[in-house]
Amino acid sequence: MADASLGLWTVPLAVFGGAIRVSTPFLFVSLGECITERSGRINLGLEGTLVMGAMSAYGISYLSGSPWLGVLAAGITGALFGALHAGICSLPRVNDIAVGIALMLLGTGLAFFLGKPLIEPTAARLPAIDFGWWSDVPQLRAALRINVLFLIGVAIAPLLYWAFKTTRWGLLIRTAGESADAARAMGHSVLLIRLRATMVGGFLAGIGGSFLSLFYPGSWNEGLSSGQGITAVALVIFARWDPMLCLWASLAFGGAAALGPALQSVGITSGYHLFNAAPYILTLAIMIITCSPKRTLTGAPAELSITR
Amino acid sequence: MTTEAAESVEAAGVAPAADPGFLQRYGASIEYILIPGAALVGALAVFGGFIALYGKNPLDLYFYMYYGAFGTAFSWQNTLTRAAPLILTALCTALPAQLGMVIIGGEGALLIGALSATSAALALQGAAPIVVQIAMVIAGMIGGGLWIALSGGLRQYRGVNETISSLLLVYIALAVLNHLVEGPMRDPASLNKPSTREIGAANMIGSIPGTDVHWGLVFGLVAAVAAYILIYHTTFGFAARVAGGNIRAAKIVGLSVGKLIMTVCFLAGSCAGLAGMIEVAAVQGRTNANLAAGYGFTGILVAFLARQNPLAIIPVAILLGGISASGGLLQRRLGLPDASVLVLQGIIFVFVLASDALYGRIGFLKGKS
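Protein sequence lines correspond, in order, to chains A and B.
In this text, residue positions in the first sequence follow the working numbering: the first is 1, and each later residue adds one.
In this text, residue positions in the second sequence follow the working numbering: the first is 1, and each later residue adds one.
By construction, these hints were calculated from the structure, which means they are not laboratory data.
Hints should not be assumed to be uniformly reliable.
[Stated by the list, open to error] Per label pair, the in silico range of CB-to-CB distance:
#1 A/G271 to B/Y26: 35 to 43 Å
#2 B/F63 to A/L159: 30 to 38 Å
#3 B/V218 to A/H188: 36 to 44 Å
#4 B/Q125 to A/G87: 52 to 60 Å
#5 A/L63 to B/G360: 44 to 52 Å
#6 B/Y232 to A/A285: 53 to 61 Å
#7 B/F238 to A/T290: 32 to 40 Å
[Stated by the list, open to error] With a straight-line cut-off of 25 Å between C-alpha atoms, the simulated DMTMM-like cross-links for lysine to aspartate or glutamate are:
#8 A/K116 to B/D338
#9 B/K193 to A/D136
#10 B/K193 to A/D130
#11 A/K116 to B/D187
Quick caveat: nothing in here was measured; it's all calculated off a predicted structure.
Glycine included, each C-beta is placed from N, C-alpha and C at the ideal position.
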């Protein structure tokens, strides 16, 4: 077996493969949240959106036989949840963080309710592109079986960076996030901008969920997402609302999350649960290092309630 | 939360005005009952519609919900047993809310409290039951208290958002629990469900005489009343509310905001930790993954529905305890998935938050003269 010849190299290899596989949901949720937060609102409900996306993608893929229809359905579900969040937040005196918590609970509850009949059947999965065809090492080939969604996510990050910087709607979103008064003075509806930004954010988060159920781990059950959504929201904060930094941070997170299973595969099982908590501990550690009580974070949209 | 404080100040300003009509005097208080009540009714109606789409009769749903929650002596006991941890986890959100903080990590503090209480009981095997029980209460409260104080400290001294950090700590607490329960603290006899050793039947806190409701309910009631007195009738509570209303004003008058945050967060966490201790000492008898039953998350909803008022938490916790108690009956009689309770809780939460927009806008309650 190649296992013996690779020895301890299995671990970094599995972490590398895991970084690519596990990071995709982090990437989509954080890019989505990046758009929402840049418009001046925080949507903590993306955890619920992620689970709803995973469930609806699996259901539609099972019913239609096409996983890509499932991905689309997940995106639309996410956008609807985003619209709900933005709709409630447009009411006067409603706190966006609290609405996020509510949608987190509603999304998970609704997904478990509607997804009950989906635990048994097997739905069509998303295909992967085999980038490792040149290698004989099975672990390397497994690590290089890369899903198209990951590549799309990687492409969205620079696109978003460019869009925020140079396009008209990028400027509008940033204006709404930096100063609602300025956006209003320019004759734009802040609520409408934020509604759109939250819907696009939800769309991306839903797609992130579809990756969970249709590629990796690739099934629907109630333990599918355990905090990836909320970790991704935290990730946006220390990525300084920069889409490119979101990409690198997501990769780092995917690697951290793959550490537990990778160590288990070489027989180190004692701290399995603790290694599984690695992404959360990492998030907390990075937040502790990068935040400061004395100044607001550089790059933080001024209208964002979480930084005030 | 700041708007809320501003509102109550406004309401206080309105009350002593000339010719205080009934509505003028009590309009604001009536609002606090009427609006959440209307939100609850609206949520139940939407949930009924949802169930109708699912092909079940909503009237059956309402009947079984009532029957499963408050219909019989048995269901009342079931409801109250569930209300006990909910009161305590709701306090974990409501106490920091006085300072304008949104803590949603009650579930984590509950798990750590349960672990600490179990450890204390296992370390004191052979001591008199009352000693073990007191040690469990203290250990559970300290464990949970430190867990939330960590979030408070990170917010105060590192500027880390407390909502996100407390939620991350839930997942970390769950990992710590799973690690200890499957590793160092595992009872070798627990094969299918990894658990710690049992704390021993003699050390269980038992039921209130004449009922099947355990003493945890009394713990919860005492904690809620104590929290109410602390917030509304002590200098400390007043200082906390001042800091919650306007942090700059609090600093100008010389309040030590850091100390306030740490103390309030510790107290909040110790309430949730106590809930964990109760679940161990009155229900499970040991620590295992069953403890992560979602009481911490439902507690957030209880706190928001009660508008972060410790006394209002008691009836709201009983109501939501009832809803979750009726879940089993809905599963058996109507064939609904067990997640239907979660869906209803989510809908209620959304309605309650949306109803925040209504305060001060209901014409006939303004008592215009």
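These are the hints, each one checked on the structure:
1. Look at A/G271 against B/Y26: about 59 Å separates their beta carbons, and that is not inside 35 to 43 Å.
2. A beta carbon spacing of about 54 Å between B/F63 and A/L159 contradicts the range 30 to 38 Å that was offered as a hint.
3. Restraint check, B/V218 to A/H188: a C-beta distance of roughly 57 Å breaks the suggested window 36 to 44 Å.
4. As the Cβ distance of B/Q125 to A/G87 is approximately 56 Å, the hint placing it in 52 to 60 Å holds.
5. Between A/L63 and B/G360 the beta carbons are some 47 Å apart, a value that agrees with the proposed interval 44 to 52 Å.
6. For B/Y232 paired with A/A285, a C-beta distance near 38 Å fails the hint of 53 to 61 Å.
7. B/F238 and A/T290 have their C-beta atoms about 35 Å apart, which keeps the hinted 32 to 40 Å range intact.
8. Our distance criterion of 25 Å between C-alpha atoms is met by A/K116 and B/D338, whose separation comes to about 9 Å.
9. A distance of roughly 41 Å separates the Cα atoms of B/K193 and A/D136; the hinted pair therefore is violated under the 25 Å criterion.
10. Restraint check: the Cα-Cα separation between B/K193 and A/D130 comes to about 40 Å, which exceeds 25 Å; the hinted pair is violated.
11. Between the alpha carbons of A/K116 and B/D187 the distance comes to roughly 33 Å, so the proposed pair goes past 25 Å and is violated.
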